[in-house]
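J.: The chain contents come next:
4 protein chains.
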Amino acid sequence: MNDMHERISLSFNAQGLMATLGAELVSVAEGEVHIALPFSTHVAQQHGFVHAGAVTTIVDNACGYAALSMAPTGCEVVTAEFKVNFVRPAVGERFLAIGKVVNAGKLLTVCTGEVRALTGTEWKVVAIMQATIATVRS
Amino acid sequence: MNDMHERISLSFNAQGLMATLGAELVSVAEGEVHIALPFSTHVAQQHGFVHAGAVTTIVDNACGYAALSMAPTGCEVVTAEFKVNFVRPAVGERFLAIGKVVNAGKLLTVCTGEVRALTGTEWKVVAIMQATIATVRS
Amino acid sequence: MNDMHERISLSFNAQGLMATLGAELVSVAEGEVHIALPFSTHVAQQHGFVHAGAVTTIVDNACGYAALSMAPTGCEVVTAEFKVNFVRPAVGERFLAIGKVVNAGKLLTVCTGEVRALTGTEWKVVAIMQATIATVRS
Amino acid sequence: MNDMHERISLSFNAQGLMATLGAELVSVAEGEVHIALPFSTHVAQQHGFVHAGAVTTIVDNACGYAALSMAPTGCEVVTAEFKVNFVRPAVGERFLAIGKVVNAGKLLTVCTGEVRALTGTEWKVVAIMQATIATVRS
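Residue numbers (full-length UniProt numbering), protein chains in the order written: chain A, 1 to 138; chain X, 1 to 138; chain E, 1 to 138; chain P, 1 to 138.
Because the hints were derived from the structure by calculation, they are not lab data. Any given hint might turn out to be false.
As the list claims (entries may be wrong) - With a cut-off of at most 20 Å between alpha-carbon atoms, the simulated SDA-like pairs for lysine to any residue come out as follows: (1) P:K124 <-> A:T112; (2) A:K106 <-> E:K106; (3) E:K100 <-> E:G16; (4) X:K106 <-> P:G105; (5) X:K106 <-> P:V102; (6) E:K106 <-> X:V91; (7) P:K100 <-> A:R116; (8) A:K106 <-> E:E30; (9) E:K124 <-> X:E114; (10) A:K106 <-> P:K106; (11) A:K106 <-> E:S11; (12) E:K100 <-> X:R116; (13) X:K100 <-> E:R88; (14) X:K106 <-> P:C75; (15) P:K106 <-> A:V125; (16) X:K106 <-> E:R88; (17) X:K124 <-> E:K100; (18) E:K100 <-> X:E76; (19) E:K124 <-> X:V102; (20) P:K124 <-> A:N103; (21) A:K106 <-> P:V125; (22) E:K106 <-> A:E76; (23) P:K106 <-> X:E76; (24) A:K124 <-> P:K106; (25) P:K106 <-> X:V78; (26) A:K100 <-> P:V102; (27) E:K106 <-> A:C75; (28) X:K100 <-> E:R116; (29) A:K100 <-> P:K100; (30) E:K100 <-> X:E114; (31) E:K106 <-> A:V125; (32) E:K106 <-> A:R137; (33) P:K124 <-> A:E76; (34) A:K100 <-> A:V78; (35) P:K100 <-> P:M70; (36) E:K100 <-> X:V102.
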């Protein structure tokens, strides 16, 4: 585990909400982070699908950590804003959020993200995100 | 409690994620819904503030239910997309999400939302949302 | 005309696109700027309504100048991103874009905007915007 | 030129704003449309770069027509909303907007778009968009 992975892993494990939802940090590469969420009724909405808020939370985190993976040493990142489209109901056994850096600027990093749902052996995209993340001195 | 309030209350209570986060349905009026979230480390990020995902979840719900409060009988609502800006760290003892309908169309309802954080007796806006909610036959 | 108004007026008049569209700077106050656009077929889409792009352009400018009106001396502003909802067709004789600062941070200013269409004596909101504007040293 | 190309080409040519800006329909494929804009001071902002509003206008159109290229016969499309990030100044001799369908639903089509700027022989992405387009009976 390199420094970047370790730093992001420590931060992820310090987020109470990740444990509450049951989310797992799957992989960290420069500019791309994957986070998984197994289905559970604890993260569901009224029809038993995964709640848009839980879907958003994991892809927000994936984008934020993707931005952090490219931030200069001594810097932290803060989500300034994001936009998510929900393209189909979040039905599945397991969900994977993928956040990728599109452009890493000095002040702002722009990321795109998506969440895929796994049913059997088939993955389907359920949501896509476009996010703006600010780099700040820590 | 009128029909609309009852319908929204039943739906809210059927969302596993609301119980998981500890969110409470505070008020329902035509076109405006309030949802509260007390601070807890279970909904926190790595610095102990409330996670952007939890902030987003309650204001997404507030906007969705505000849209539902104006939907025709026999219809349901589905969040098509939203955008959130985080204007300051979500620090506070209690958080209040307010969702309001700006325009209720036949197919799409546009809402704005905000989340306020309470510290002592002072409320501060921590996030604002603009959301598009689709009306579908149930 | 005070300094702020003069500065914004000079910048507005230096934008070739404003003259091309026929847009007019209507008013400048601290944190709020109004820009008008008379209807013309030069800014129309295929049905003769005003094009979403023209609607967006004037409210982007109104938000940007609202942010500039609150920026520290020696700073400029750059639109980082925005989101617009089109709530009804942009039909009318005259359009008014209103940009307002919601939160002016050190690095980022968050604004909301709307565009109203005038038909006869009636104004109707046709679009709403939520924008993030970066403050940069000039 | 097939039917789809012809339909989109007719609609494009009926948009007054496209002629006003000097935009050109470059290509139409199922689910992907390209629109170009040569640089001119008529579409510039105060520093002589292309105005964010013009950048947005061409990529909004590219996304809208990409959605239209996959819409059922007898249907039209209307932009419900979009979000754009501006990742670097729109400096260049020529700009290319690319709109692509990510998911074509019955009511709503979600597209992503980008605008690239050409300087010499180098293309750089200056903006990215995520858009929601409604399908309506015409």
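J.: Compare the structure with each hint and give your call.
T.: Hint check results:
About 17 Å separates the Cα atoms of K124 (chain P) and T112 (chain A), which keeps this hinted pair within 20 Å; it holds. For the given pair, K106 (chain A) sits about 15 Å from K106 (chain E) by alpha-carbon distance, which is consistent with the 20 Å threshold. For the proposed pair K100 (chain E) and G16 (chain E), the alpha carbon gap of about 23 Å is over 20 Å, so the pair is violated. Restraint check for K106 (chain X) and G105 (chain P): the C-alpha separation of about 17 Å stays at or below 20 Å, so the hint holds.
Between K106 (chain X) and V102 (chain P), the direct Cα distance comes to roughly 24 Å. Violation of the 20 Å bound is thereby established for this hinted pair. This hinted pair checks out: K106 (chain E) and V91 (chain X) have alpha carbons roughly 18 Å apart, not beyond 20 Å. For the suggested pair K100 (chain P) and R116 (chain A), the alpha carbons sit about 19 Å apart, so the restraint of at most 20 Å is met. The hinted pair formed by K106 (chain A) and E30 (chain E) fails the criterion: a straight-line CA distance of about 29 Å is larger than 20 Å.
For a cut-off of 20 Å, the pair hint linking K124 (chain E) to E114 (chain X) is broken: about 23 Å separates their Cα positions. For the proposed pair K106 (chain A) and K106 (chain P), the alpha carbon gap of about 41 Å is over 20 Å, so the pair is violated. Between K106 (chain A) and S11 (chain E) the alpha-carbon distance is near 25 Å, which puts this suggested pair outside the 20 Å criterion. Under the criterion of a C-alpha separation no larger than 20 Å, the hint pairing K100 (chain E) with R116 (chain X) is consistent with the structure, at around 19 Å.
Using a Cα cut-off of 20 Å, the hinted pair K100 (chain X) and R88 (chain E) holds, with the two alpha carbons roughly 18 Å apart. Annotation: proposed proximity of K106 (chain X) to C75 (chain P) holds, straight-line Cα distance about 17 Å (limit 20 Å). For a cut-off of 20 Å, the pair hint linking K106 (chain P) to V125 (chain A) stands: about 16 Å separates their Cα positions. The straight-line distance between the Cα atoms of K106 (chain X) and R88 (chain E) is roughly 11 Å, inside the 20 Å bound, and the hint therefore holds.
Note on K124 (chain X) and K100 (chain E): the hinted pairing holds, with a Cα-Cα distance of about 18 Å set against a maximum of 20 Å. A C-alpha spacing of about 33 Å is found between K100 (chain E) and E76 (chain X), which places the hinted pair above 20 Å, so the restraint is violated. Straight-line distance between C-alpha atoms of K124 (chain E) and V102 (chain X) comes to about 12 Å, which keeps the hinted pair within the 20 Å bound. Straight-line distance between C-alpha atoms of K124 (chain P) and N103 (chain A) comes to about 11 Å, which keeps the hinted pair within the 20 Å bound.
A threshold of 20 Å between alpha carbons decides the hint, and for K106 (chain A) with V125 (chain P) the separation of about 16 Å falls inside it, so the pair holds. As the CA atoms of K106 (chain E) and E76 (chain A) are separated by approximately 16 Å, the hinted pair is consistent with the 20 Å bound. Note on K106 (chain P) and E76 (chain X): the hinted pairing holds, with a Cα-Cα distance of about 16 Å set against a maximum of 20 Å. About 17 Å separates the Cα atoms of K124 (chain A) and K106 (chain P), which keeps this hinted pair within 20 Å; it holds.
A C-alpha spacing of about 14 Å is found between K106 (chain P) and V78 (chain X), which places the hinted pair at or below 20 Å, so the restraint holds. At roughly 17 Å between alpha-carbon atoms, K100 (chain A) and V102 (chain P) fall within 20 Å of each other, so this suggested pair holds. A threshold of 20 Å between alpha carbons decides the hint, and for K106 (chain E) with C75 (chain A) the separation of about 17 Å falls inside it, so the pair holds. Under the criterion of a C-alpha separation no larger than 20 Å, the hint pairing K100 (chain X) with R116 (chain E) is consistent with the structure, at around 19 Å.
Note on K100 (chain A) and K100 (chain P): the hinted pairing holds, with a Cα-Cα distance of about 18 Å set against a maximum of 20 Å. For the given pair, K100 (chain E) sits about 16 Å from E114 (chain X) by alpha-carbon distance, which is consistent with the 20 Å threshold. Using a Cα cut-off of 20 Å, the hinted pair K106 (chain E) and V125 (chain A) is violated, with the two alpha carbons roughly 37 Å apart. At roughly 13 Å between alpha-carbon atoms, K106 (chain E) and R137 (chain A) fall within 20 Å of each other, so this suggested pair holds.
Restraint check for K124 (chain P) and E76 (chain A): not satisfied, since their Cα atoms lie roughly 27 Å apart, outside the 20 Å limit. Restraint check for K100 (chain A) and V78 (chain A): the C-alpha separation of about 16 Å stays at or below 20 Å, so the hint holds. Using a Cα cut-off of 20 Å, the hinted pair K100 (chain P) and M70 (chain P) holds, with the two alpha carbons roughly 10 Å apart. With a CA separation close to 17 Å, the supplied pair K100 (chain E) and V102 (chain X) stays within the 20 Å bound.
Violated hints for the displayed structure, listed by number in ascending order: 3, 5, 8, 9, 10, 11, 18, 31 and 33.
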